[in-house]
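K.L.:
Which chain is which? The protein sequence lines are F and E, in order. Start counting the first sequence at 1; every next residue gets the next number (my numbering). Start counting the second sequence at 759; every next residue gets the next number (my numbering).
I should point out that these hints are in silico values taken from the structure, not numbers from a laboratory. This one's a predicted model, so the numbers in the text were calculated from it and none came from an experiment. Watch out, some of these pointers could steer you wrong.
Mimicking DMTMM-like on lysine to aspartate or glutamate, the simulated pairs with C-alpha atoms at most 25 Å apart in a straight line are [said to hold, decoys possible]:
| # | chain 1 | residue 1 | chain 2 | residue 2 |
| --- | --- | --- | --- | --- |
| 1 | E | Lys1015 | F | Asp376 |
| 2 | F | Lys555 | E | Glu1137 |
| 3 | F | Lys92 | F | Glu173 |
| 4 | F | Lys746 | F | Asp622 |
| 5 | E | Lys777 | E | Glu1385 |
| 6 | E | Lys904 | E | Asp867 |
| 7 | E | Lys1313 | F | Glu371 |
| 8 | F | Lys424 | F | Glu492 |
| 9 | F | Lys257 | E | Asp773 |
| 10 | E | Lys977 | F | Glu371 |
| 11 | F | Lys424 | F | Glu495 |
| 12 | E | Lys777 | F | Glu371 |
| 13 | E | Lys1313 | F | Asp502 |
Derived DEER-like restraints, expressed as beta-carbon distance ranges [claimed, not checked]:
| # | chain 1 | residue 1 | chain 2 | residue 2 | range |
| --- | --- | --- | --- | --- | --- |
| 14 | E | Ser768 | F | Asp29 | 39 to 49 Å |
| 15 | E | Asp903 | F | Glu543 | 52 to 62 Å |
| 16 | F | Val676 | E | Val1256 | 46 to 56 Å |
| 17 | E | Val1256 | F | Glu59 | 28 to 38 Å |
| 18 | F | Asp29 | E | Gly780 | 23 to 33 Å |
| 19 | F | Ile702 | E | Glu1328 | 37 to 47 Å |
Ideal placement from N, C-alpha and C gives every residue a C-beta, glycine not left out.
Protein chains: 2
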Amino acid sequence: MSEFRVVGKSLPQIDALQKAIGETRYVSDITLPRMLYGRILRSPYPHARIRNIDVSRAEALPGVKSVITYADTPAVRFGPRSEDWTILANTKAIFEGDEIAAVAAVDEDVAEEALELITVDYEPIPGVFDPLDAMAPDAPLVHDDKPGNIAAEFSIQAGDVDDALKRSHFVYEARYFTNQVYQAYLEPMGAVAQTDISGRLTLWVGTQIPNMMRMSYAKALSMAPEDIRIVVPDYGGAFGAKMENNSHLVAAVLARKSGRPVKVINPRQDDFLAGNPRVPMYIDIKLGVDSDGILTGKDVKIVGGNGARTVYGPAIVSTACYRVDSLYRFKHVRAKGYTVYTNTIPTGCFRGFGNSQSTFALESSLDAIAEELSMDPIELRMKNAIGPNEVSVHGWKIGSNGLRECMTRAAESAQWSEKRSQKKPFRGIGLACCNHVSGNRAFAREFDGGSGIIRVGRDGRVTLYHGESDMGQGQKTAFAQIAAEKLGISLEQIEVAVVDTDVSPFGLGSFATRGTTIGGNGVLSAATEAFRQLAGVAADMLEANEDDIVAANGKFFVKGSPEKYILFKEVANQASTSRGGAPLIAVGSYIPPTQLPDPVTKYGNISPAYPFGCHIAEVEVDPETGEITVVNFVAAHDVGRAINPMATEGQIEGGVVQGLGWTLMEKMVVENGHLVNPSFLDYEIPGPLDVPKITPLLIESIEPEGPYGAKGIGEPALNPSMAAITNAIYNATGVRILALPVTAEKLLSELHKLSANK
Amino acid sequence: MSEFRVVGKSLPQIDALQKAIGETRYVSDITLPRMLYGRILRSPYPHARIRNIDVSRAEALPGVKSVITYADTPAVRFGPRSEDWTILANTKAIFEGDEIAAVAAVDEDVAEEALELITVDYEPIPGVFDPLDAMAPDAPLVHDDKPGNIAAEFSIQAGDVDDALKRSHFVYEARYFTNQVYQAYLEPMGAVAQTDISGRLTLWVGTQIPNMMRMSYAKALSMAPEDIRIVVPDYGGAFGAKMENNSHLVAAVLARKSGRPVKVINPRQDDFLAGNPRVPMYIDIKLGVDSDGILTGKDVKIVGGNGARTVYGPAIVSTACYRVDSLYRFKHVRAKGYTVYTNTIPTGCFRGFGNSQSTFALESSLDAIAEELSMDPIELRMKNAIGPNEVSVHGWKIGSNGLRECMTRAAESAQWSEKRSQKKPFRGIGLACCNHVSGNRAFAREFDGGSGIIRVGRDGRVTLYHGESDMGQGQKTAFAQIAAEKLGISLEQIEVAVVDTDVSPFGLGSFATRGTTIGGNGVLSAATEAFRQLAGVAADMLEANEDDIVAANGKFFVKGSPEKYILFKEVANQASTSRGGAPLIAVGSYIPPTQLPDPVTKYGNISPAYPFGCHIAEVEVDPETGEITVVNFVAAHDVGRAINPMATEGQIEGGVVQGLGWTLMEKMVVENGHLVNPSFLDYEIPGPLDVPKITPLLIESIEPEGPYGAKGIGEPALNPSMAAITNAIYNATGVRILALPVTAEKLLSELHKLSANK
C-alpha cells in the first residue's frame, strides 16, 4: 500500500465529466460578440511565384469585413527556430498549403465564398520534394538565401568511432526511413483573436507553449510580448503539433484590421496541408558489437525533411542524432544530421521528437545484431543497458532506472521465452527498448525550470496556477494530485486555473516529456510552501509546534492526535483574515540540476530524470495477403512513480496505438509536392478493431528528482513501438523492412522475393 | 511641488478612453453563448395575499425556457442584515415591485410576453406606507413576526443629556424630514448568471461588495460560498445602491433551472420599483448651546423607513443616530433610532449612509442656533469643531483634521463675509460642515482590513489585484497611482485586474468611504513588498546594497547614481527566471488600528481616518414663483491628500450635484404604496442647466494612517450640500424648510405665510 492518499491513485481526470457530457468549451467553441470567421487562401502549387493578388472582388462581397495579404502583415521574417516564416506569402509560395491571403466575414459560408473570389496570378516553378534530392547540387532552392537547401547541420562525436568500429566483431549497417505522419488530433489548429483599443491582442489558442509562443508572435506581429495575452482553453489534442502556427497569426492580423474578434479554425484539409507533421528521416546507421555482444560504436547520418520552413526540424534531427546514445553504455558514437528544406509542408514536433525515429533504427539494428550473434535480443540489451546512477556518453546523469526490470517484467507478461522458443509459422514476437528525457535543458537557452502558484482563498478554495499546457494528456489532474497530496485535501478541493499569460507563471510548456517532472516539481514546491504557511496558522490555532502539524483529509492536527483537529477551511479563513483579506498565496519553483550542453561536444546533463521502457509486440502475418495483425502488446515503462496509474496506463496505451498506426498504416502520400490524402477518408489511422490487447506495466523506480518520485511518460510511450512491431514481423517472416510504414503490399512483395530466393 | 511622480497628479482615469469610445463592456453588455434573457414579474399591489400563481400559459409560449416561482427557490429566508428576504414572494406580496415570478426566454420580447401570460390571483390587503403610521399600535403588519413593524431599534448615550440640555442657554428643537430618493445610476441593476455542470455558479454583477454578496447569496441559494464566483465587470454607477438585490438571485435560479446562462437586467421601471433607494427619516432633534456658543447636548430621535424588507436600513439609521456627534466637541449626546417596516420599496445605502440625513438636521439646527445667538455660523462652528488628534465623544481617534481650514478657505472663496454683510434681497448664502469615516469597523463583525496582490510578470507587466469595487468613482486609477508611485513606474505600466472572487483578495468592498484609505493601504502594502523583492534582485544585478536602491521612471538605480540603471522589465525578467518562471507575487495587507465598538455604548475608534468638509452655497429665490437657483457653490474637503486631484474634484462636484438634486428636485412620489413616478420622465434629477459653478477646494491635511496621506471623499462630498443650500435659502428668504425637498411650491407657500404674518 502506498503511503499516499491522492498520489498514486487511479482517479478520474478532473475534467472528465465535463468533457464526457460535452460541456467543455474547446477553442473551436469560443464565440465572442461581433466575432468574425476567418479563412485562409492556400497555395495550390508547391512552388510558384506570385505575380499578383487581386482581392477586390472578395472585398466587395457583402459580409466580408477584411481581406488581408502580405501587405497587411508586418514585413518581418520570424520563426520559432529560424527566421524563415512570414505570416502570408510575399513573392512566392513555397509549399502546397502555403498561406497566401485570408478573409474575415460574418459567417463561414461568406468567408469560404470570398476565398473563391480572390484571384492569384501564380507562375509555377520547379520544386524539390525529397530531402535527399534537395541536397543535390543543382536542386531548386526553396529559399534563395539557403544554399543547398540546408536548414541546419548538426554534428556530435564522442570517443573514436572509426577505431571502435574497426575493432568490432561485427558491424551492422543499414539505411532506415521513417515516413511523414500527421498527429491526427481531434481538434484542428486555430485561434480566436481579439484586439482591444490599446492594440493589445488576446489569443485563445490551443498551444503547448503559451509563453514561448507569445515571444515568437510578438516578433511576428511587431509587438511587445507584454501586449500579447495567450489564453489556453481546453483543446482537442496536440501530440507535439500545436506549437506556433500561421493560422493563429492570420487570426490576429484579421482581428487587428477588422477591429473585431476573429476565429480561424483550420478545416481538416487545411490542417493536413499546413500543420506540422512528423519530420521524415533517412537514417544511415553503422553499429558495431564485439563477440560478447558489447556494443562498440555507433555512427549515424541523418537527413531529415524540414519542409518549406523551419518549425522545430533542426532540433528534432539533432535529437535523433544522439538521444538514443544514452540508452546503452556507448563510449564511441558519432552522428551527423542535416535538416533540409523541401517544397513540402513544414515539419514539426510529434511525440518522440526525433528520438522515436532513431529508436526505430537502433532497436531494429540491435535485433539484427542479436540474430547475427545468435543471442536473445533481451540478453543483448541486458548486457549493454545503462544502469541507475550512471553517466552516459553525453554526460547525462541517470538517476533511477528501471530499464532492466522493464525488460524482465515485459518478457514475463508477454511469455517472451515461450513464444521465441516455440515459434509458430507467420507468428512472431519482437522487442524494443527506449530511453527519453523528462525535460530538455537545451530547448530554451535562457532558462529551464518550473513553477506553480497556489492560492488558498478565505473560503478554503484552492486554486493552482501553472504555466504549462494540458493538451488532453491529463496534466491538470496530475498537478492537482500532487498539490492535494501535499495539502492533505481531496482532488475535488483543487481548481486548476486556465493557463493565461496574464495570470499564470511563465512555463516553457508541454514538450520533451517535461510536464509531470519539471512542472510537477514546480507545483509541489508551491504546495510545500502553502503547507508551510498554513501549518504556521494551524499551529497558532492549535497552540502547537509548527513542525508537528499534519494535514490529511481536509484537516490539520498535531501528529499523533488526529481527534483534535481544525478544518482546512477554518485555517484558510484565519490565514486570510489575519492578512487583511489577502488570500494565502504560495509561489514555488523548481530549478532542475541540469546543464546547458557544451556548444561543441553537446556534453551535459540536459534533464533532471530519464524514463525508460520496453515494448514487446506479437504479430501474426497472413502469408497470402501480407496483412499484419498485432495480436498482443506489452508495454513496460519506468515512470519513476505513477502519479495517477490509470492516466499513466492511458498514456502508454495511446502511445502504443499511435506507434502501431505509424508502423503499419499511416502515410502522408505526397506526389510532386501535392498531398494526395489530406482527409481522414484517405489517411487511415488505427480504429478500435486495429488495436490489440495492450498490457501496460508500470515500473516504479522512484526517481529522486521527480515529484513524489515521478518521471515522464508522454513520449516514451510511443518510442519503442515501431521497432517492437517490425522486429516481431521479422521474427514471424524473416523479412526486415527498413522503411516505414510496413504495409501489407510491401510485406507481401518482400515475402514473394524471399520465397523466390529460397 | 509634490515629491511624488504619480501620486498627486491629475491623471486621466485608466479606463477613460475605453469608456469614452464605447469599448467598455458593462454588465448589460455581456453576452454568453446560449444565453437567455430573464424578466421578473412584480407585484402591482403594495400588500396582497397570493392565492395562486398559474405559469402554464407562460411555460407553453415558444421560446420560453424556464419559469420560476417561490417553489423553485430554496425555502430559506436570508438577507444581508436581517433574514426577511425570499428570492420570490411566497404567500404574500409586501410592496409594489415585490418579485413574484420570473421567466427566462430566448429573447427579451418573448420574456416580456411571457410575463403577461402568468396569472396571479392576488387578494389585496391593507398596507402601511409611512414609518410613523407603521409604528401605530393597530397598524397592519408587513411581517407577521415583526410586532409594531419594528425592524430594528438603536440606542446610544454618552454623558448626561437631560442635565446638559437643562443647563443650556438655549435649546433648539425641531423635526426634520429627509425624503426618499433614487440613486439614479446610469446602468440599472442586474446580473448574468451561469452554472457549470458541478453546479458552481458564476455571477457577473455590478456590486460594491462582491465578497460579502457571495456569502449572503450562498445562504439564499443554499450553496457553499466557494461554489459561487462573483465577477465584477465595469458597471454603470451605484452610489451605494448596488449591494445585494433579488434580480441577481433570480438570474441565478433561472440559470440553474434552465441549464443556460441567463441575463436579468432591470428595466428602468423595475429598478425604480425594487432598487434600494435612500432611507427616508424623521429626525427629531434637541440641540443645546450655552451663551458662548458652546454646544452642550444633543438629543435625537430618528424614525427611518425600512421599506418592506431589510437591506441596510438599521445600520443606516444607527449611523444617522451618532456619526455626526464626532464633528464637534460634544460631551452629552443621546439618540434613539427606529427602523420601521412599511409596504414600500426596501431602502438601502445611498452616499452618506444616514450621515447625510443627520448632517442636514444638525447643520440646519446650528444655523438656527447661530441666528439665535447672533453669531456668525462659521464662528459657532469654529468654537465647537473637533480638532486634529482629539478623541470624540464616541471614542473616535481623530487623526489629521482640516475642518477649520475647510471653513476658512471655503469662506474666502465664497466671499462669505461680504455676502453675509452686504446681503441682497432674495439672495442668500449658507454654510454647512460635515465629518465622515474612511471605513467602518462596525460594518462587518469578523474583520476589517484591506489587501492587495501585485504580480510582476517576466515581461515586466504589473498586475494589481484587489477585492474592492470600482463603481465608476475612479478607484482603479487611484490604486494604480499608489502602486505605480511605489514601484517607480508609470500609470500605463499597471493593469488593474477585474475583481473576481476566484482570483482577487477578499475585500469588504466599496462603502463607508473606505476604498482609498483601507483598500489603498492594502495596495500600498503589496507595492511596498513588491518593491522590496525587486530591489533585492536589482541590488544583485547592480552589485549594490538593497537599501540604496531607488526606483523611478521605470528604472532601478543606486541612490545618487541614476546614470547607471537597469530597466524595470530587466529586473522583472531576472526575478522570474531565477524563480523557475514564477512571477514575482507580492501580497500586502493593511489592518487598520480600529476597534469594534462596545456593544452597549458603541464607544470605540471605528475608522483609521476621518475626513471633514465645509460647503457654502449661494442661492437666489424668485419671490414670485418660489423658484430657487443655486448660483455659486464652494466645497472644501479635507481629503488628507488627493491621490488624483482631478478625480477628487470630480467626486466633490458629483456629490454637490447629487445633494442639490436631493435638496431641491428629487422625490419618489408614493401614494398609498404606489410609486407614481418610476421613470426619468417623471423623476427629475439635475441636468447641466441646474448645476451652478462649483469650486472644489482640496485641503490636504496629510493623514498619518492614509496611503500617501489620503483619506476618503466619496460620501462627505455630498453630506453638507443639503444644509448649505437650505441655510442659504433661509438667509435669502427667512424661511427654513425642514422637510426635503425644498420645492418652489413649498417655498412659495411658506413665503406667502411669512408675508401674511408680517
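K.L.:
Where does the structure disagree with the numbered hints, that is, which hint numbers, in rising order?
P.N.:
Hints 1, 2, 3, 5, 6, 7, 8, 10, 11, 12, 15 contradicted; others consistent.
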